[in-house]
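**Student:** Next come the chains, spelled out residue by residue.
Protein chains: 2
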Amino acid sequence: MSKDKKFVEAITDMDVDFPRWYTDVVKKAELVDYSSVRGCMVIRPYGYAIWENIQSNLDKMFKETGHENVYMPMFIPESLLQKEADHIEGFAPEVAWVTHGGSEELGERLCVRPTSETLFAEHYSKIVNSYKDLPKLYNQWCSVVRWEKTTRPFLRTLEFLWQEGHTAHRTAEDAQEETLRMLDVYGRLCEEYLAIPVIKGRKTEKEKFAGAEATYTIESLMHDGKALQCGTSHYFGDGFAKAFDIQFTDSDGKMKHVHQTSWGVTTRLIGAIIMVHGDNSGLMLPPKIAPKQLVIIPVAQHKEGVLEKANELKERLSKEFRVQLDDSDKKPGWKYSEYEMKGVPLRVEIGPKDIEKNQAVLVRRDTREKVFVSLDELEAKITETLDSIQNDMLEAARTRQTEKTSVATDYDTFKETVANRPGFIKAMWCEDRACEEKIKEDTGASSRCMPFHDQEPIADTCICCEKPAKKLVYWGRAY
Amino acid sequence: MSKDKKFVEAITDMDVDFPRWYTDVVKKAELVDYSSVRGCMVIRPYGYAIWENIQSNLDKMFKETGHENVYMPMFIPESLLQKEADHIEGFAPEVAWVTHGGSEELGERLCVRPTSETLFAEHYSKIVNSYKDLPKLYNQWCSVVRWEKTTRPFLRTLEFLWQEGHTAHRTAEDAQEETLRMLDVYGRLCEEYLAIPVIKGRKTEKEKFAGAEATYTIESLMHDGKALQCGTSHYFGDGFAKAFDIQFTDSDGKMKHVHQTSWGVTTRLIGAIIMVHGDNSGLMLPPKIAPKQLVIIPVAQHKEGVLEKANELKERLSKEFRVQLDDSDKKPGWKYSEYEMKGVPLRVEIGPKDIEKNQAVLVRRDTREKVFVSLDELEAKITETLDSIQNDMLEAARTRQTEKTSVATDYDTFKETVANRPGFIKAMWCEDRACEEKIKEDTGASSRCMPFHDQEPIADTCICCEKPAKKLVYWGRAY
Numbered sequence: 001m002s003k004d005k006k007f008v009e010a011i012t013d014m015d016v017d018f019p020r021w022y023t024d025v026v027k028k029a030e031l032v033d034y035s036s037v038r039g040c041m042v043i044r045p046y047g048y049a050i051w052e053n054i055q056s057n058l059d060k061m062f063k064e065t066g067h068e069n070v071y072m073p074m075f076i077p078e079s080l081l082q083k084e085a086d087h088i089e090g091f092a093p094e095v096a097w098v099t100h101g102g103s104e105e106l107g108e109r110l111c112v113r114p115t116s117e118t119l120f121a122e123h124y125s126k127i128v129n130s131y132k133d134l135p136k137l138y139n140q141w142c143s144v145v146r147w148e149k150t151t152r153p154f155l156r157t158l159e160f161l162w163q164e165g166h167t168a169h170r171t172a173e174d175a176q177e178e179t180l181r182m183l184d185v186y187g188r189l190c191e192e193y194l195a196i197p198v199i200k201g202r203k204t205e206k207e208k209f210a211g212a213e214a215t216y217t218i219e220s221l222m223h224d225g226k227a228l229q230c231g232t233s234h235y236f237g238d239g240f241a242k243a244f245d246i247q248f249t250d251s252d253g254k255m256k257h258v259h260q261t262s263w264g265v266t267t268r269l270i271g272a273i274i275m276v277h278g279d280n281s282g283l284m285l286p287p288k289i290a291p292k293q294l295v296i297i298p299v300a301q302h303k304e305g306v307l308e309k310a311n312e313l314k315e316r317l318s319k320e321f322r323v324q325l326d327d328s329d330k331k332p333g334w335k336y337s338e339y340e341m342k343g344v345p346l347r348v349e350i351g352p353k354d355i356e357k358n359q360a361v362l363v364r365r366d367t368r369e370k371v372f373v374s375l376d377e378l379e380a381k382i383t384e385t386l387d388s389i390q391n392d393m394l395e396a397a398r399t400r401q402t403e404k405t406s407v408a409t410d411y412d413t414f415k416e417t418v419a420n421r422p423g424f425i426k427a428m429w430c431e432d433r434a435c436e437e438k439i440k441e442d443t444g445a446s447s448r449c450m451p452f453h454d455q456e457p458i459a460d461t462c463i464c465c466e467k468p469a470k471k472l473v474y475w476g477r478a479y
Numbered sequence: 001m002s003k004d005k006k007f008v009e010a011i012t013d014m015d016v017d018f019p020r021w022y023t024d025v026v027k028k029a030e031l032v033d034y035s036s037v038r039g040c041m042v043i044r045p046y047g048y049a050i051w052e053n054i055q056s057n058l059d060k061m062f063k064e065t066g067h068e069n070v071y072m073p074m075f076i077p078e079s080l081l082q083k084e085a086d087h088i089e090g091f092a093p094e095v096a097w098v099t100h101g102g103s104e105e106l107g108e109r110l111c112v113r114p115t116s117e118t119l120f121a122e123h124y125s126k127i128v129n130s131y132k133d134l135p136k137l138y139n140q141w142c143s144v145v146r147w148e149k150t151t152r153p154f155l156r157t158l159e160f161l162w163q164e165g166h167t168a169h170r171t172a173e174d175a176q177e178e179t180l181r182m183l184d185v186y187g188r189l190c191e192e193y194l195a196i197p198v199i200k201g202r203k204t205e206k207e208k209f210a211g212a213e214a215t216y217t218i219e220s221l222m223h224d225g226k227a228l229q230c231g232t233s234h235y236f237g238d239g240f241a242k243a244f245d246i247q248f249t250d251s252d253g254k255m256k257h258v259h260q261t262s263w264g265v266t267t268r269l270i271g272a273i274i275m276v277h278g279d280n281s282g283l284m285l286p287p288k289i290a291p292k293q294l295v296i297i298p299v300a301q302h303k304e305g306v307l308e309k310a311n312e313l314k315e316r317l318s319k320e321f322r323v324q325l326d327d328s329d330k331k332p333g334w335k336y337s338e339y340e341m342k343g344v345p346l347r348v349e350i351g352p353k354d355i356e357k358n359q360a361v362l363v364r365r366d367t368r369e370k371v372f373v374s375l376d377e378l379e380a381k382i383t384e385t386l387d388s389i390q391n392d393m394l395e396a397a398r399t400r401q402t403e404k405t406s407v408a409t410d411y412d413t414f415k416e417t418v419a420n421r422p423g424f425i426k427a428m429w430c431e432d433r434a435c436e437e438k439i440k441e442d443t444g445a446s447s448r449c450m451p452f453h454d455q456e457p458i459a460d461t462c463i464c465c466e467k468p469a470k471k472l473v474y475w476g477r478a479y
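Protein sequences appear in the order of chains W and F. Position 236 (the first sequence) corresponds to 236 in UniProt numbering; numbering is contiguous. Position 100 (the second sequence) corresponds to 100 in UniProt numbering; numbering is contiguous.
Keep in mind the hints are simulated off the structure, nothing from the lab. Take the hints with a grain of salt, since some may be wrong.
What the hints assert, rightly or not - With a cut-off of at most 35 Å between alpha-carbon atoms, the simulated DSBU-like pairs for lysine-lysine come out as follows: (1) W/132 with F/254; (2) F/330 with W/330; (3) W/126 with F/27; (4) W/303 with F/132; (5) F/353 with W/60; (6) W/381 with F/63; (7) F/60 with W/381; (8) F/28 with W/63; (9) F/288 with W/370; (10) W/331 with F/254; (11) W/288 with F/63; (12) F/381 with W/28; (13) W/471 with W/83; (14) W/83 with F/27; (15) W/126 with F/242; (16) F/254 with W/303; (17) W/319 with F/314; (18) W/254 with F/28; (19) W/63 with F/330; (20) W/254 with F/132; (21) W/256 with F/319; (22) W/330 with F/60; (23) W/27 with F/319; (24) F/288 with W/132; (25) W/314 with F/319; (26) F/353 with F/60.
What the hints assert, rightly or not - Covered stretches of chain W (in silico footprint by chain F; criterion: 3 or more residues with CB under 8 Å from a CB of chain F, positions within the stretch not fixed): (27) 65 to 73; (28) 200 to 207; (29) 413 to 421.
In this text, a Cβ means the ideal position worked out from N, Cα and C, and glycines have one as well.
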């Protein structure tokens with residue numbers, strides 16, 4: 001047992017040093033590796049398989065809501081990026097520039113896309129002519145680059161994988177509806193698949209996307225009480241349409257500009273999964289997106305019939321679940337630790353005594369609960385247990401989020417709360433950017449969002465300046 | 001009917017100007033659009049859906065053969081690219097260089113990956129320690145960049161989508177086996193899914209990949225008699241392993257270098273589909289990878305019950321096939337032309353008379369054959385017809401390939417054949433690079449491959465120098 005303990009002890013205690021715990025988990029669960037490219041990561045098979053599961057579920061939701069996938073160039077000529085003034089101002093400081101092709105210096109620099117609004121806008125200006133061409137509901141899966149100073153795997157890297165939806169609509173109302181529809185899709189992805197409860201709301205003017213009229217967000221809370229923006233959806237009005245001349249002939253014969261949206265989620269979601277669900281034994285994956293939903297571990301596998309039975313179970317269970325069998329010569333206890341580290345939702349143990357009794361042992365990753373199940377009803381019991389793990393993980397995360405959500409009605413309490421009770425803080429705001437900036441400077445907390453479903457005033461005055469309050473805001477330190 | 005004719009006439013006759021025919025099809029079938037980024041293309045929804053189908057089938061084959069997906073950074077530091085001498089020599093002239101991040105000049109230039117051998121090698125050097133860690137069978141789906149002077153959609157673009165497999169093995173034999181296994185997977189993809197017959201063989205030293213010990217290829221023949229390399233698989237020996245110090249402890253306790261492979265196919269395969277199967281009505285897609293396998297066209301759709309029936313059919317057939325219903329107000333003849341242009345394998349017409357007779361009309365895209373089918377046996381008949389289209393397209397392509405394959409045993413005949421009978425030319429070769437270069441210079445034909453299954457000598461002497469022949473080679477002008 002000492003060996004197993006050593007394996008577990010190799011990661012830092014999350015309550016002692018959360019950032020180090022995070023890095024330990026990411027490395028030990030073999031999600032990523034570093035490379036000689038500063039700020040970029042190698043996403044290893046286990047990490048990439050999580051992304052593939054997120055991707056296939058989300059892509060299905062996109063297609064069900066009428067979206068089509070396309071692929072745009074990864075380069076954007078400098079002049080194209082400059083066409084929308086707010087957009088270039090927001091992104092210019094953080095793009096990578098290609099200046100040479102082979103040995104030749106380019107006439108015009110190309111940036112590696114940080115996001116593709118400009119390319120989609122240029123394309124729409126060519127293919128949208130009539131109201132019959134609308135809406136255009138496009139999405140793209142790709143990687144983008146933002147030249148960050150400090151980086152951390154999944155949370156902030158120079159290059160990251162994402163999807164970016166870009167849509168063009170006949171009216172402002174249609175586009176606004178789309179913006180919120182896709183925020184809902186993201187909310188469903190987080191809650192139903194990733195077991196991550198989110199707060200939906202609108203970003204302040206200060207926090208909105210460069211070039212957008214309005215940015216909506218889903219915000220979640222990590223184990224350490226810091227917030228993480230899990231996905232955003234932007235309403236552009238006709239700003240890009242005017243900058244890029246995207247016009248169509250409407251049914252009344254008049255030329256009109258389209259109204260646009262864009263929305264994206266990234267591999268950052270894997271960071272959220274780690275930090276919402278993980279514990280001191282490592283990763284904990286929700287069954288719906290776990291690369292392996294269960295691992296079969298033979299006990300006393302040298303004994304006659306054990307490996308045969310384990311293999312038989314693997315074949316049988318693989319018809320319904322994503323299954324791994326570990327028949328290596330490591331000790332069972334060591335294997336238990338290893339798959340706990342990797343966050344496999346369910347462990348199935350089978351040994352000589354179990355075979356005798358026609359049973360297997362199921363052990364949940366989340367609660368460690370151990371049950372003996374007849375082999376005759378194994379599939380049914382596993383299905384039930386995986387469903388229960390999925391739901392319980394969401395509920396546990398919701399409970400933690402509620403516990404870590406505070407309310408402040410005066411600035412001293414607010415400051416004290418940010419300092420001592422990490423989490424969301426609900427407090428009123430006057431809508432003045434100066435207050436938002438002061439709060440950030442005083443406490444390190446930023447406005448996370450103005451929530452949709454929680455707008456009952458809890459005070460009459462702004463938490464900062466004490467002028468009349470206009471909005472309830474969720475505040476918090478964030479990744 | 002004149003309108004329909006006009007629609008069809010809008011593309012150039014393939015026998016008059018094949019390159020223009022190609023560009024016309026690519027544009028009119030809405031596969032791609034140009035952008036303001038030189039040499040890069042926008043892959044539109046219909047083109048991207050073909051790629052998604054190729055991707056999902058191929059990815060399944062990769063996983064069935066034990067491969068795992070990963071994601072590597074898109075940037076490669078100049079010093080890393082330089083580690084393997086042949087490799088850098090081959091790629092340096094055609095890479096895009098990132099020199100600035102934001103407003104800052106980088107200490108070391110980064111190239112945008114033209115291929116990722118160096119990154120995989122660096123990663124393997126860190127994660128491979130023991131023979132128990134082998135083999136590593138990794139694959140990556142991504143885009144790569146090569147700074148080409150002249151470009152054409154799908155065939156040659158600055159940026160293109162591909163997959164790159166990179167594997168590391170315990171022995172040379174294991175790696176060689178893998179190289180050929182993956183060539184076989186590519187062959188199966190082409191023949192079973194894309195209905196493209198291929199010649200499998202080895203590349204000459206001149207044509208092999210930069211840094212490889214041996215390159216294997218699958219070559220196909222286009223409508224115009226030019227060859228297209230559809231996919232390649234490389235055996236590296238331990239060249240990269242030595243350059244990157246990828247060593248492991250073998251079971252005998254000795255430190256050894258791994259042996260490696262890499263293999264890739266690209267969106268170029270879409271170009272092959274267009275040029276192998278297309279005709280003067282446009283694209284022709286094999287049912288297995290067609291985004292829509294059939295299109296339902298209501299006839300006299302203003303008449304009572306027609307649209308209802310068409311919608312009912314759509315819902316019913318969508319359970320088994322990828323189906324589109326076109327109930328727009330365009331005339332049926334116009335729609336026929338449009339879906340012929342888009343290469344939809346099967347058209348299902350339904351009008352008042354058909355409803356009366358409880359039948360539908362099936363029209364094949366490939367043979368134009370028209371049959372009346374009882375609605376009671378529609379699914380069975382469609383399945384049968386789609387299978388038959390898939391097979392017949394492969395056979396038709398095989399027949400064209402055979403017809404366009406010539407044999408030459410003297411140089412005059414060879415030169416005359418290249419000039420007047422575009423296609424593959426089988427001819428003997430002495431294995432001297434000088435002859436290969438002379439043939440290319442004299443005729444424009446390059447060595448496509450030394451085929452595996454066709455090595456019976458057809459002459460004793462080299463087609464060029466008349467010294468003793470060593471290999472039979474397929475020659476041809478190529479894309």
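**Student:** Please go over all the hints and tell whether each is borne out by the structure.
**Tutor:** Results of checking the hints against the structure:
1. Taken as a hint, the residue 132 of chain W and residue 254 of chain F pair is broken in the structure, with Cα atoms around 70 Å apart against an allowance of 35 Å.
2. Between residue 330 of chain F and residue 330 of chain W the CA atoms are separated by roughly 68 Å; this puts the pair beyond 35 Å, and the hint is violated.
3. Distance restraint check for residue 126 of chain W and residue 27 of chain F: the Cα-Cα separation of roughly 13 Å lies within the 35 Å cut-off, and the hinted pair is therefore satisfied.
4. Distance check on the hinted pair: residue 303 of chain W and residue 132 of chain F sit about 23 Å apart at the alpha-carbon level, within 35 Å; holds.
5. For the proposed pair residue 353 of chain F and residue 60 of chain W, the alpha carbon gap of about 38 Å is over 35 Å, so the pair is violated.
6. Between residue 381 of chain W and residue 63 of chain F, the direct Cα distance comes to roughly 28 Å. Compliance with the 35 Å bound is thereby established for this hinted pair.
7. Note on residue 60 of chain F and residue 381 of chain W: the hinted pairing holds, with a Cα-Cα distance of about 29 Å set against a maximum of 35 Å.
8. For the proposed pair residue 28 of chain F and residue 63 of chain W, the alpha carbon gap of about 24 Å is at most 35 Å, so the pair holds.
9. For the proposed pair residue 288 of chain F and residue 370 of chain W, the alpha carbon gap of about 46 Å is over 35 Å, so the pair is violated.
10. This hinted pair checks out: residue 331 of chain W and residue 254 of chain F have alpha carbons roughly 26 Å apart, not beyond 35 Å.
11. Of the pairs offered as hints, the one joining residue 288 of chain W and residue 63 of chain F holds, with about 20 Å between alpha carbons and a cut-off of 35 Å not exceeded.
12. Taking the CA atoms of residue 381 of chain F and residue 28 of chain W, the gap is about 54 Å. The hint is violated against a cut of 35 Å.
13. Annotation: proposed proximity of residue 471 of chain W to residue 83 of chain W holds, straight-line Cα distance about 34 Å (limit 35 Å).
14. A hinted pair counts as satisfied when its Cα atoms are at most 35 Å apart, and residue 83 of chain W with residue 27 of chain F qualifies at roughly 26 Å.
15. A distance of roughly 51 Å separates the Cα atoms of residue 126 of chain W and residue 242 of chain F; the hinted pair therefore is violated under the 35 Å criterion.
16. Only pairs whose Cα atoms come within 35 Å are accepted, and residue 254 of chain F paired with residue 303 of chain W is accepted, the gap being roughly 32 Å.
17. For the proposed pair residue 319 of chain W and residue 314 of chain F, the alpha carbon gap of about 31 Å is at most 35 Å, so the pair holds.
18. Taken as a hint, the residue 254 of chain W and residue 28 of chain F pair is honoured in the structure, with Cα atoms around 27 Å apart against an allowance of 35 Å.
19. Our distance criterion of 35 Å between C-alpha atoms is met by residue 63 of chain W and residue 330 of chain F, whose separation comes to about 26 Å.
20. With a C-alpha separation of about 70 Å, the suggested pair residue 254 of chain W and residue 132 of chain F falls outside the 35 Å cut-off, and the hint is violated.
21. For a cut-off of 35 Å, the pair hint linking residue 256 of chain W to residue 319 of chain F is broken: about 39 Å separates their Cα positions.
22. Using a Cα cut-off of 35 Å, the hinted pair residue 330 of chain W and residue 60 of chain F holds, with the two alpha carbons roughly 31 Å apart.
23. Between residue 27 of chain W and residue 319 of chain F the alpha-carbon distance is near 44 Å, which puts this suggested pair outside the 35 Å criterion.
24. Distance hint between residue 288 of chain F and residue 132 of chain W is fulfilled; the C-alpha atoms sit about 30 Å from each other, no more than 35 Å.
25. Restraint check for residue 314 of chain W and residue 319 of chain F: satisfied, since their Cα atoms lie roughly 31 Å apart, inside the 35 Å limit.
26. Restraint check for residue 353 of chain F and residue 60 of chain F: not satisfied, since their Cα atoms lie roughly 44 Å apart, outside the 35 Å limit.
27. Residue count for the segment 65 to 73 of chain W with a Cβ under 8 Å from a Cβ of chain F: 6. That meets the three needed, and the coverage hint holds.
28. Counting residues of the segment 200 to 207 of chain W whose beta-carbon sits less than 8 Å from any beta-carbon of chain F gives 0, not enough to reach three: the coverage restraint is violated.
29. Remark: the segment 413 to 421 of chain W is not confirmed as covered by chain F, as 0 of its residues place a Cβ nearer than 8 Å to a Cβ of that chain, below the required three.
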